[in-house]
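Peer 1: Each chain is listed here by its residues.
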Amino acid sequence: ELKVEQNPLFLSMQEGKNYTIYCNYSTTSDRLYWYRQDPGKSLESLFVLLSNGAVKQEGRLMASLDTKARLSTLHITAAVHDLSATYFCAGYTGTASKLTFGTGTRLQVTL
Amino acid sequence: EPEVTQTPSHQVTQMGQEVILRCVPISNHLYFYWYRQILGQKVEFLVSFYNNEISEKSEIFDDQFSVERPDGSNFTLKIRSTKLEDSAMYFCASRGPGRNEQFFGPGTRLTVL
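If you read the sequences in order, they're chains A and B.
In the working numbering, each number is its position in the first sequence, counted from 1, plus 625.
In the working numbering, each number is its position in the second sequence, counted from 1, plus 34.
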């Protein structure tokens, strides 16, 4: 059964700084997803990573996937307050494409 | 842009009562899902539905839960006899044919008293 772990669970960072969120998963996962969730809100899809070595960037966020290490990273460049949210990675398993979510990383960007 | 919608946004019920949570997936999508998120915790898969039947379900999805697509547009989750521990945010999601992404609805917050 696929297990997904994220670290750190909580991240407080200053505006302008860089940081990386790590997502490890336990068994083969065909795809890796990153979602953003604001408090009390739904899940917003950020990235879908389909293959080993995949890298995707959108604004200050960049996600990568290393299937051999079973590791995905979400890198934040020059953080701004608007990026404060909880970020989830999710692996994909099964013929029905069930998502298995990580524990989430709550990011707080301070001024 | 098409989106998944859910009703109600918040449902308060007494323990032991039945609740039905409703979802309208994106119109050309074929795969439907329910997930739940207990406050402050991670999102957990409940069930997936394709071609009018359950494709996969988690151990959380016991006999108290059922899903239905009654009219070709709505997708419902019924909890027959709610328990306190059913209090959570319930998200519906859908996926189109040949697509990788699941699109999530805004969620229904279920509070069981």
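Mixed in with the good hints, there may be bad ones.
No more than 20 Å apart at the CA atoms, straight line, and that leaves these computed lysine to any residue pairs for SDA-like [unchecked claim]: (1) B:K91 x A:R685; (2) A:K666 x B:E135; (3) A:K628 x A:T728.
Worth flagging that the hints you see were computed from the coordinates, not collected in a lab.
From a predicted model like this one, the values you see are computed outputs, not experimental measurements.
Peer 1: Among the hints numbered above, which are violated by the structure, and what are their numbers in rising order?
Peer 2: 1
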